[in-house]
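Novice: Just need the whole structure built from these sequences, with the hints factored in.
Now for the letters of each chain:
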Amino acid sequence: MLSVLSSIMRIVEIPMLFLQHKLGINRLAWVFLAPNLILFGVFTFLPIFISAVYALTGGDKILLEDRPFVGMQNFRTLGDCGNFLDPDTCRSDFFWRAVWNTVWFVILQVGFMVGLSLLTALILNQKIRARGFFRAVFFFPVLLSPVVVALIWKWVLQKHGVLNAVLEGVGLEGHSWMLDSTWAFGWSVFLSVWAHMGFYTLILLSGLQAIPRDVYEAALMDRASPWRTFRRITMPLLAPTMLVVLVLALIKGVQTFDEVFAFTGGGPGSATTLIVQYIYQTGFAGAPRLFGLASAASMMLAFVLIVLTALQMRANRRSFNG
Amino acid sequence: MGNVWGFLTRTRRGNGRMDWTDWVTYSYLFLGIFVMFAPVIWLAMSSFKTEAELSRFPPRFLPYAQETMAVDGYDEPLALFDIQSGEHAGKTLAQIRRVGLVAQMVDPANPSEKLRVDVADREPLEKLSFAWENYTELFERFNFLRFFWNSTFITVMATLIMVLVNAMAAFALSKYKFRGQTGVLMLVVGTLMVPQTVILVPLFLVTKELGMLNSLWGVIVPGAATPTGVFLLRQYMITIPDEIIDAARMDKASEWKIFWRIIIPLSAPAIAVLSILAIMWRWNDFLWPLIVLNQSEKFTLQLALNSFHGEMQTQWNNLLAMTVLTLLPIATVFMFLQKYIATGIASTGGK
Amino acid sequence: MASIGLKKVKKSYGAAHVIKGIDLDISHGEFCVFVGPSGCGKSTLLRMISGLEDITDGEVVIDSEVVNDIPAADRGLAMVFQSYALYPHMTVRQNLSFGLENIGTPKAEIETKVAEVSAMLQIDQLLDRKPKDLSGGQRQRVAIGRAVVREPRVFLFDEPLSNLDAELRVDMRGEIAALHKRLGNTMIYVTHDQVEAMTMADKIAVLRLGALEQFGAPLELFNNPINLFVAGFIGSPKMNFIEGTIDDNNVNSLTLATGEAIAIPSDGFNQVSGQKVTLGIRPKDLQPKPDGSLQMEVRTVEQLGTESYLYGRLADGTGITIHSAGQTTVEPGEMISVGAAEKTMHLFDTESGLTLRAQ
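Taken in sequence, the protein lines are chains B, P and Y. Going by my numbering, the letters in the first sequence line up with residues 1 to 322, in that order. Going by my numbering, the letters in the second sequence line up with residues 1001 to 1351, in that order. Going by my numbering, the letters in the third sequence line up with residues 2001 to 2359, in that order.
Calculated from the structure, these hints are not laboratory results. Here the structure is a predicted model, which is why all the values come from computation and not from measurement. Every clue listed holds true.
Under the rule of at most 27 Å between Cα atoms (straight-line distance), these lysine-lysine pairs were calculated in the BS3-like manner:
#1 Y/K2010 / Y/K2020
#2 P/K1177 / P/K1252
#3 Y/K2010 / P/K1175
#4 P/K1298 / B/K61
#5 Y/K2113 / Y/K2132
#6 Y/K2020 / Y/K2008
#7 P/K1127 / B/K159
#8 Y/K2107 / P/K1252
#9 P/K1177 / Y/K2008
Derived contacts from chain P toward chain Y, CB cut-off under 8 Å, selection only:
#10 E1243
#11 I1244
#12 D1246
#13 A1253
#14 K1257
#15 I1262
Okay, the calculated bits of chain Y under chain P, using three or more residues with CB under 8 Å as the criterion:
#16 2065-2079
#17 2091-2103
For each residue, glycine too, the CB sits at the ideal point set by N, CA and C.
Specialist: Written out as structure tokens, the structure reads:
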């Protein structure tokens, strides 16, 4: 394997050497950049521009020349609502259901997840035994694929699953969890927290460990109570990391798709359909494929994400500058 | 055992006594172990159960299977039961068939005589048994190897391409001075703001126009250039002293040789982190393959799992086995590289 | 043969002029040291000669060939870097042979050369180690070996000893000098340490703020510094500078700011009446004397056994250092008279800083 690679590299050296003589050393940088820039160009920047074209055209054809120009029609379709808070009054009620599901999902998921992550990080930051092991315990679901996560919990929660058995064992009633809108939504939030909290715990833990030890020792010498130490030292010093975590969780939360889709398929009904699933279903899974509508929804999602990313960059700068 | 307890109960106070806060801490941690691990272990255990055992309610933790025995005069092995009460109490009989509440049974010692037993009187004779056929069937009856190969091919190729392409860009951005450098850096930052989820439709068109729909390359190529990878590697390469590169230039090494023989080996730690991340992302990737690949022979493991889960509601035994096989490679990698993965993820913000 | 010539060499980064036009000729086989305080441009100048830095204006000539546009690798030079810049992932052997491999030297020849050079530098026991397993001195030898093995026309050293401890530095100084004697190549050596410059150089180039102050043999620089900067930079401890005005009616008498008068040399210098001048006296030439014409308050005394230093100041606050052999009985706080022989004095024009010595 390695020898194959190194012969390939030796062959690549020949044209690179030629270019080096042709361009000089510093302009050769562009040659090194080229593959990356071409990939970025074709698969990121070009799509961004085409995205606008899709949003402004209609029909179910994928090729741009087959698509009639409809102006803001797609946005109007999405925005045609009697009352934005009530999807039933909207022309695109499915879209608005997805929007509101996403809003609730993000609020609950981010809230629980950041809260639990902070708690876990604080606990792991104590002088406990086998910290590495416990950290790994909370972290390992991060590595599982969303589909696997969904199947694991689906298996636990199914009608004749182990959870119902335990509940009945202690005299409670089992449930058809996946058939009940509220429960399905609740479990989606739970599963997503379960799968991702380890990641945020890790970031918060490294934030906690970056707080210098001597600050705590100084507080000890000043006879600060543990609670005061937490309030006046840990929290302020951890605040920048918290901000990063919060914004990052929001950005990822808004884009949730994989695990919830594999878990519930968006159902029952549209109870757990999130915005990315709406885009997927409108543009790719349904017939006719409404690329325009999907693109318009994408652009609205992009707007939210850009705002959040801008926030993230500010948060990052804050946390690096202390 | 005493050792284990002493080890676990040693606390930060160091005086061997458990403070109430320590009780809370350890309770939380053990609850954590349970919530995090129990479902996975349950899944793994279930994947070894026969279909009959899987539909049993309430379920049992360990996989059991009914004992069977070949009886003269019957082609198939027959299931064995202990008879608890009634006329044949105390005997072990084999069941031929069941009609309503009555089972037609036979004594293996005396196969010619058919007995009628009330179903309430018998108790199945069971033994601990791992249903390996759940796994072997994946290879025999399902296209598991094909999915596994697709996933592996995508993961390996995408990781290789990504590391090479990103390392080249990172080298240019960290070790050269050229006009437009800041511009390129801004561009890379820009791509960080455009997640795949918001350009799905146009990306689909581009991929289609390039003839990569329903091809593994359609999954591999669009994500090969990642801003995260470029940044991660650039940050690391900046720390390689420029003097080493000057020395190599004085040694008549070409720029490509400097990249390949000096920069790449010296960036090994960062490349390892990026590779681990790339492997994870690609192995677990779902939405984009879901859009690009719609012929089942091109499916990745994730897609196969998802679609079978729709199709084979009744075949949980194979599905569970397949789930276990899908998470196994990642779990193995994790056990060995836990530390690197953790630091890698923490350092990139997990994008 | 390898002589090096710099002709009006300039370097600017945008509006910042780092090298302001330097002319210099180094003949074949010379050991030339570029010395100067940090930021004087000496390393930049070296890197311009090496080809690692491009030249904004002027010409670099090696053996009468203008090399401005020849890439670093093709100039036939080898360089030893401040940080050694060994390839950390390669063994010593690989470090030594990398350059030879790049120019397609046959394997057998590489082996012989590496063996020869490593024996010469006494690193033949270390060939299979990685740089991280070597001591500072050993790394230094490998870095030098990597340069030697290429058999370059010219060796360039960029502050190669600055990462070593004092004792090792003295040893390596000797070894580099011996290497020069043995190979006979032209060598250019950059350092900020004037002791290194004095002990190793055939010729020293003193640089300041991107300009060449003086170029010459070490003792020439020591005995006849061309200006205040060179006078202050060469020699340790630093030369004492005392400002004053030449008497209106006697060009051999200098009146200091303190009001004291001191006799200065009558010939060899071009001072004129009423001129503001700076008197330079090296610490070893200024000695306590009962009839000395300067009154100095001693503030610190350093007794080193075989030699001693007195630090003090004149009435106007001018700092004075005295370096004398043997031990002293002077105590801090004492007022003492000090004086110097006229032939040890240096005179500089205070305004321009240039020496007043008649050329």
